[in-house]
Amino acid sequence: LAPWIPVVGLEIHAQISSNSKLFSGSQVQFAAPPNSLVSFFDASLPGTLPVLNRRCVEAAVMTGLALNCSINKKSLFDRKHYFYADLPAGYQITQQRVPIAVNGSLSYTLCIDNKMSQMVTKTVRIKQIQLEQDSGKSLHDDSRCQTLVDLNRAGVGLMEVVMEPDMCCGEEAAAAVRELQLILQTLGSSQAVMAEGQLRVDANVSVHHPGEPYGVRTEVKNINSIRFLAKAVDYEIRRQIEELENGGTILNETRAFDSKLGCTVPMRDKEGKQDYRFMPEPNLPPLILYDAKSLPANMNHQQVINIDWIHERLPDLPSVKREKLVEQYGILPEHSFTLLNEDGLAEFFESVVKQTQMKPKKVIGWILNDLLSYLKQHSLTVKESPVSSFLLADLLNLLEKKEISSTVAKRVLAELWKGEGKTPLEIVKEQKLELLQDQKELEQICQAVIDGQENEVIMMVLG
Amino acid sequence: AALNDALRSQVSAALKEGRVTPTELCQRCLALIKSTKFLNAYITVAEETALKQAEESEERYKRGQPLGILDGIPVAVKDNFNTAGIETTCASNMLKGYISPYNATVVQKLLDHGAVLLGKTNLDEFAMGSGSTDGVFGPVRNPWSYSKQYKEKCVPKSHSEEEESDWVITGGSSGGSAAAVSSFTCFAALGSDTGGSTRNPAAHCGVVGLKPTYGLISRHGLIPLVNSMDVPGILTRCVDDAAVLLGSLAGHDPKDSTTIQDDFKPFELPNLTDVSKLSIGIPKEYNAPGLSSEILALWSKAADLFKNAGAKVVEVSLPHTRHSIVCYHVLCTAEVASNMARFDGLEYGHRSDTKDSTESMYAATRREGFNDVVRGRILSGNYFLLKQNYEKYFVKAQKVRRLIANDFVKVFRSGVDVLLTPTTLSDAAPYTEFIQEDNRTRSAQDDILTQAANMAGLPAINVPTALSERGLPVGLQFIGRSFQEKQLLTVAKWFEKQVQFPVMQLEEVRRHDSGVFQHQKSASFS
Chain A
-6 LAPWIPVVGL EIHAQISSNS KLFSGSQVQF AAPPNSLVSF FDASLPGTLP VLNRRCVEAA
54 VMTGLALNCS INKKSLFDRK HYFYADLPAG YQITQQRVPI AVNGSLSYTL CIDNKMSQMV
114 TKTVRIKQIQ LEQDSGKSLH DDSRCQTLVD LNRAGVGLME VVMEPDMCCG EEAAAAVREL
174 QLILQTLGSS QAVMAEGQLR VDANVSVHHP GEPYGVRTEV KNINSIRFLA KAVDYEIRRQ
234 IEELENGGTI LNETRAFDSK LGCTVPMRDK EGKQDYRFMP EPNLPPLILY DAKSLPANMN
294 HQQVINIDWI HERLPDLPSV KREKLVEQYG ILPEHSFTLL NEDGLAEFFE SVVKQTQMKP
354 KKVIGWILND LLSYLKQHSL TVKESPVSSF LLADLLNLLE KKEISSTVAK RVLAELWKGE
414 GKTPLEIVKE QKLELLQDQK ELEQICQAVI DGQENEVIMM VLG
Chain B
514 AALNDALRSQ VSAALKEGRV TPTELCQRCL ALIKSTKFLN AYITVAEETA LKQAEESEER
574 YKRGQPLGIL DGIPVAVKDN FNTAGIETTC ASNMLKGYIS PYNATVVQKL LDHGAVLLGK
634 TNLDEFAMGS GSTDGVFGPV RNPWSYSKQY KEKCVPKSHS EEEESDWVIT GGSSGGSAAA
694 VSSFTCFAAL GSDTGGSTRN PAAHCGVVGL KPTYGLISRH GLIPLVNSMD VPGILTRCVD
754 DAAVLLGSLA GHDPKDSTTI QDDFKPFELP NLTDVSKLSI GIPKEYNAPG LSSEILALWS
814 KAADLFKNAG AKVVEVSLPH TRHSIVCYHV LCTAEVASNM ARFDGLEYGH RSDTKDSTES
874 MYAATRREGF NDVVRGRILS GNYFLLKQNY EKYFVKAQKV RRLIANDFVK VFRSGVDVLL
934 TPTTLSDAAP YTEFIQEDNR TRSAQDDILT QAANMAGLPA INVPTALSER GLPVGLQFIG
994 RSFQEKQLLT VAKWFEKQVQ FPVMQLEEVR RHDSGVFQHQ KSASFS
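Protein sequence lines, in the order shown, are assigned to chains A and B.
Residue numbers for the first sequence follow the numbering used here, so the first one is -6 and each next one is one higher.
Residue numbers for the second sequence follow the numbering used here, so the first one is 514 and each next one is one higher.
A few of these clues could be false.
Chain A stretches covered by chain B per the calculated footprint, using a threshold of three residues with CB under 8 Å from any CB of chain B [what the hints assert, rightly or not]:
1. 31 to 38
2. 70 to 82
3. 411 to 417
Here are the simulated DSSO-like cross-link-like pairs (lysine-lysine), alpha carbons at most 27 Å apart as the crow flies [as the list claims (entries may be wrong)]:
4. K905(B) - K67(A)
5. K909(B) - K73(A)
6. K347(A) - K314(A)
Hint data in this document are derived by calculation from the structure and do not stem from the laboratory.
Quantities reported herein were computed from a predicted structural model and do not represent experimental measurements.
Yeah, the Cβ is synthetic: ideal placement off N, Cα and C, and Gly gets one too.
If we strip away everything but chain A, and leave its shape as in the complex, we get (with noise of 0.2 Å):
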C-alpha cells in the first residue's frame, strides 16, 4: 500500500482583545446580557458608518511582527456578502484584496514519543493576517421553530491568521495553535481562551500520494479545545485515507467536529458553493501605515500608527522567553517549555526561586514534579494553588538548611496542600518530623534501637 501524506492547514480567528468593536464604540464583554452591547452601527440602522479603531490596528500589527510578517503599510477594507440572521449589514467587513500582514512564520515545539526530553522545533508559514468583523451569534430553538439573535459579538474585531499546509498531523496543528495562543496571549493582542470563542480554529485537512498532487480538502470546522483539534484533525485524515483506500472520493465540503462521538460530520448549512460577492469598502479609506523612515515631519502622532515604534515596544515572546528561562537559571529546554505552558507557572517558579536559597535547578524539580502534578490531579490552575509561592519556599528553605528531609517534604507538601493556613515550620512541629542533628542525640536514639534489638545485632555481628 503507496503511503499517504497528510496536509493540514488551519485558518484561526482570533479576537482581538480591546474595549471597544472593530468599527464602533460598543464594548466587548463576554456574557453579557444579550443585545446589551449593540450600538446603531452594531445593528446596522441605514446611515451608520464603520469608524476604525485604532487598538485593533495596534493589535494586528503587533500579532504580525510577532509571527515575522511583513507588514503591509497600505491595506484595503472588503465587503464580504451572505444573508445570515447574525450578520445585520447582510455584509461582514473584511480584508479580502490587500490584509495587513503577510509572508510570516511561527515555530512551535513538538515531543517526539510523549518523551519530554526528545523535543524537535518545527516551523509552518503564515499566509496572511486580516482584519475582519467578528458575528453575532444565533441559538436555534427548534421547539418553537424559531432563532433568537444575540448580536453583542457582531462588529468584535477579529484577526484572522492563516496558516499554510504545512502540518503533517493533528498533533502538529496543536502545537503550533497552542504556540500561537501562548504568543497572542504574552502581546495582549488577544486573550485567546478557546472556551469563551476567543480563539477558533478551522482545519483544512486532505491526503495524496509522495510524488502526486495535492488531494481534495475538506474544511472542519466546530472544534472547541486544542485536545480536540488533534482528535479532529487525526480523525479526518484517517476518514479520508480509509475514503480513498476503498476506492471513494473526498469531497470538497465543510465538515464539523461531533467532540462526543470523536468524529467528523458533514454540515448541512453549506450545501453549494457561495459567491461572496466581495466588493472594496467604499466607508473606509486604505489603511496607511508608517515606519520611522516613511513618518512625515508634521503628521499629528495621534493619527498614525508606526511600525517600527510597536516593534520597538513588543514583549518577549515565549520561544524568547524560554531561551532566557534556560539561561538564567540553567534549567533544562523542555522545562522551559512546561513552565511556558501552563498559565502562570513561570511567574510562581521565578517567585519561589527568589525566596529560596535552593538552587533553581532543584526547585524545577518540586514545581514540576510535585506542585504541577498536584495541580493537574485537582484540575486547578496556578492562579488556584492553595500552596503558594511563598510557602513553597518556605517549605524548600527547610529541606535545604537540612531541617527536613526531602521525604518529609514531600509530606508536608501534602499538608499544604490542605490549605489549612499553617506554615511549613508549624506542621513540622507539629508531627515532629525535623530532622535530628544533634550528634549526642543521634547516638541514643541508635544505641536504644541497638540495644532492643539484641538478637539481630548478633546475627549481623556474626555475618
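Please arrange chain B on chain A, whose structure you already have, making use of the hints.
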C-alpha cells in the same frame, strides 16, 4: 419679511431686528405647507417639534443671543436623512413607520445652529430616480405647474380635461426638497446628490442646487445609495444662502471616515465685479444628444455673457463623458445591491408575516418592502459583483471612472477655473409624458449632464437662469475644482446677478403672504 425673502440678507435681519419672530415665520411656513399639500412635497410635517424649536429660537433672540444666521430659519430635509424621533422612510415601504434613534450629522448641525426643522420631504424611493415620481407616497408636483408664468403659456385645453393633468415633474430624486424651497414653504432644504439628484430638481424647480465636493460634508446618517458618490445637497433660493448653509454643514466628521481632515473655514461670498481673470471652460461633449435647442441657446448666451464681461471662455473636451452613464450604472447598482442587503426585516423596518423559514421571510420582506426600481438595481448589482463578472464589469467601471475623473483634472490643470454646462436636457416634462418611459431609461437620459461630477467627486451647482418657452425654469450648471467651493459659488453668484431669474408667482403664496410681495423681479439681494 416675506416668505420668498433671501435668508441671509433679509430674513435673518428681520429676525434679528424683531420685525418677524421665529414662531410667526414657522407658523406661516406650516400654513403654506398645508395649503400647498397638493404638491406632495412633504412626507412628514413635524409641526409640534418645529413650533417648539421656533419658540426656543425666539427665546434666544429675545435674550439677544441668536446662534447665528440660521437661528429660527425654517428648513426641510429630504426623507433619506435620519432624524431622531421623526419618521424616516426613504419613500419606501421598507421603512414606513421607521423612527430613527439618531440625527444625521448634517441634521444635527442644522439644529445646533438653531434651524427649525419643518419636516421630511418626498423623493424617489431610496433616491433612485430622476423624477421624484417613484416613491410610495406618490409623485411630487413641480410648484411651477401652478405658477402664473406656466399657466399663461399653457396650450388651452378643452373643459373636459382636468387642469391637474398638466402638472410637470420636479425632477429627482430630491424633488420634494426642491419643491419645498421653490414654493416658499422653507428657506433651505437638504437633498442628496449621487448622479444629479440635487441639481436636476433644482433646475426644474428654479432654485439653487449645490452639490459639494465629496468628502466636504458628512454622510453620517444619510441613508446611502452609492457610498462613493453620495453627498448631501443644498437647495436654496439664492447662491448667498447656499454659502450660508455650506458654512454650517461642512467640515470633518469623525463619524464619517470619508470626510477630509482639513479645517473648513466658512466664507462670505465677495461681490465679484471683475471677471477678466476668470477662465470659463465649455465642455463640448455636454452638447449631448437630446439637448433642447432652447437650452443650447441659453448655454451659448451664458457663455457670451462671460465673454462680454471680459472673462476668458474656452471650449474644452472631456472625452470620456459618453462612457459615464454606463460606468455609473455598473458602480451604482453594485453598491445598491450591497447597501440594501441590510434590509432583511430582522432588526428594523418592514418584516413580512411569512413564517415558513428565515430565507422565505427575507425574500417576502424584500419583495414587499422594495419597489421594482430598487429590486431591479439590486439584481443588476449582484450580477456585476459575481466572481466571474467582477473584473469585467466592476473593476472595468472603476478604471473608466478614473479616466472620467482625469478628464477634469487635465482641464482644470490647463488653466480653466470653472466649467459651464447645461444642467438638464430640457425643461420639466409633464408627468403623464415622463412616466411613458421606465425609471431606468429616464435616469440614463437625465443624469448625463450631472453624473460625471459625482464620478469625479467635484463640486457643482445649478443656478436658475431663465424661463423656457413653456414658462418653466431652466438652469445652468457650474462645475468647480475639488474643495474650491468659494470660487465656484463666487462665479455662480455673479452669474445669478446677471440673469435676474424671475420670482415664481404662485397663487398660494400670494394668499398667505397677505400681499407682502416686495420683490417682483428677483429673489436675490437688493
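Per the coverage rule (Cβ-Cβ under 8 Å, at least three residues), is the stretch 31 to 38 of chain A covered by chain B?
Satisfied; 4 residues make the cut.
For the stretch 70 to 82 of chain A, count the residues whose Cβ lies under 8 Å from any Cβ of chain B; is that count three or more?
holds (count 6)
Would you say the stretch 411 to 417 of chain A counts as covered by chain B, given the rule of at least 3 residues with C-beta under 8 Å?
violated (count 0)
K905(B) and K67(A): Cα distance at most 27 Å?
holds, 25 Å
Hinted pair, alpha-carbon criterion (27 Å max): K909(B), K73(A). Please report holds or violated.
holds, 20 Å
Would the hint linking K347(A) and K314(A) be met if the CA-CA limit is 27 Å?
Holds, because 17 Å separates the two Cα atoms, which is no more than 27 Å.
The structure fails to meet hint 3 from the earlier list, while all remaining hints are met.
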